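Novice: Produce the entire structure from the sequences given, and follow the hints as far as they go.
Numbered by the numbering used here, the letters in the sequence shown go through residues 4 to 233 in order.
Think of the hints as simulated: they come from the structure by calculation, not from any bench. Only a predicted model underlies this, so the values are computations on that prediction, with no experimental measurement involved. A hint or two may mislead.
To be verified - Computed list of lysine-lysine pairs in DSSO-like fashion (alpha-carbon distance at most 27 Å, straight line): (1) Lys166 - Lys5; (2) Lys5 - Lys158; (3) Lys158 - Lys59; (4) Lys158 - Lys99; (5) Lys99 - Lys166; (6) Lys59 - Lys99; (7) Lys59 - Lys225; (8) Lys99 - Lys5.
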Amino acid sequence: MKQNEQTIYIDTTSVNLWFGFYGLDEPSSNEHVWIYATPDVEDPGNLLAWIGVGSKNRLREILEAEGVPTILGDETAAAEEEPFLQEIRRLLASDKTEFRYFYDDPLSGKLRELPYPDLPRDERGALPCFIEVYPPAEYLERETFESGISAFCEKFLNIRAQKIVHLRPMRIETATEEYVGFAAELLSLPPIDDEQIADIARRTSRSENEIRRLLAEAERSKSNKSNERD
4 MKQNEQTIYI
14 DTTSVNLWFG
24 FYGLDEPSSN
34 EHVWIYATPD
44 VEDPGNLLAW
54 IGVGSKNRLR
64 EILEAEGVPT
74 ILGDETAAAE
84 EEPFLQEIRR
94 LLASDKTEFR
104 YFYDDPLSGK
114 LRELPYPDLP
124 RDERGALPCF
134 IEVYPPAEYL
144 ERETFESGIS
154 AFCEKFLNIR
164 AQKIVHLRPM
174 RIETATEEYV
184 GFAAELLSLP
194 PIDDEQIADI
204 ARRTSRSENE
214 IRRLLAEAER
224 SKSNKSNERD
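Specialist: Right under this line is the structure:
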C-alpha cells in the first residue's frame, strides 16, 4: 500500500524533553506524544494517535530496579517469565525501532483496543490499548525521538512523515530560564560547567559566549524573582 506523505504535528507536555534536546540536562527517558494531522488540536478528528516514546537505557534501569533479569543467561527467572524476558532482551539488543504493546487488565472491566491493522493479540485474543516506541539508541536525543515517531507513523498510520512539527516548541532562551530558575534548584543540580556549555552551543548553533550570557540572564531573573517574593 502506498504511504501518504505529509507533515505531522506533535504535542508533548514535558519541559525535560527540551532540557535534554539542548543539553541542559540528561536526555528525557520517556515521553507521551499526541500526533495530529493538522495544528488544530481542538478538533478531535485531527488526533491520529497517542503513544509513548521511551529510551532503552531507562527501560533497562526500571527492570533491573524491579529485579527483572535483562541479561541473556540469567538463570534466576521463573519459567513462566521466560517469554516476557526473551521479548525484553530482544528489544534491548535490537538495532531497529521496536514497539511494546500494552493490554487492558481483564479485571478492570474495560476493554480498550487500538484500531491499527496487524496488531498482536494477547492470550485472550484482545488487541493492545497502548503502544510504546523504543528507538534503537540508548537515549532520547532529538533526532532519535523524532525517528521513533516517524517509524510509528509508517508502521501503523501508513504515513511517511515529511516533517515533524512540535506544537509547543521551547526556545533555548526559555529553556535556559526554566532550567536555572526552577529545575536546577528543585533537583539540586550542579552549575553548568564549560564542557556542558560547549555542548549546548554545539546543539543550538550558538556561540559559547552567547550561552554564558543566557545563563547569566537566567540567574539574574531568578535572583530578581526571589527578591520580589521577599
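Novice: Confirm or reject each hint.
Specialist: Hints, verified against the model:
1. Lys166 - Lys5: With a Cα-Cα distance of about 18 Å, the restraint between Lys166 and Lys5 holds, given a limit of 27 Å.
2. Lys5 - Lys158: holds, 12 Å
3. Lys158 - Lys59: holds, 20 Å
4. Lys158 - Lys99: holds, 13 Å
5. Lys99 - Lys166: holds, 21 Å
6. Lys59 - Lys99: holds, 12 Å
7. Lys59 - Lys225: Roughly 35 Å separates the two Cα atoms, so the pair is violated.
8. Lys99 - Lys5: holds, 22 Å
When each numbered hint is compared with the structure, a violation occurs for hint 7 only.
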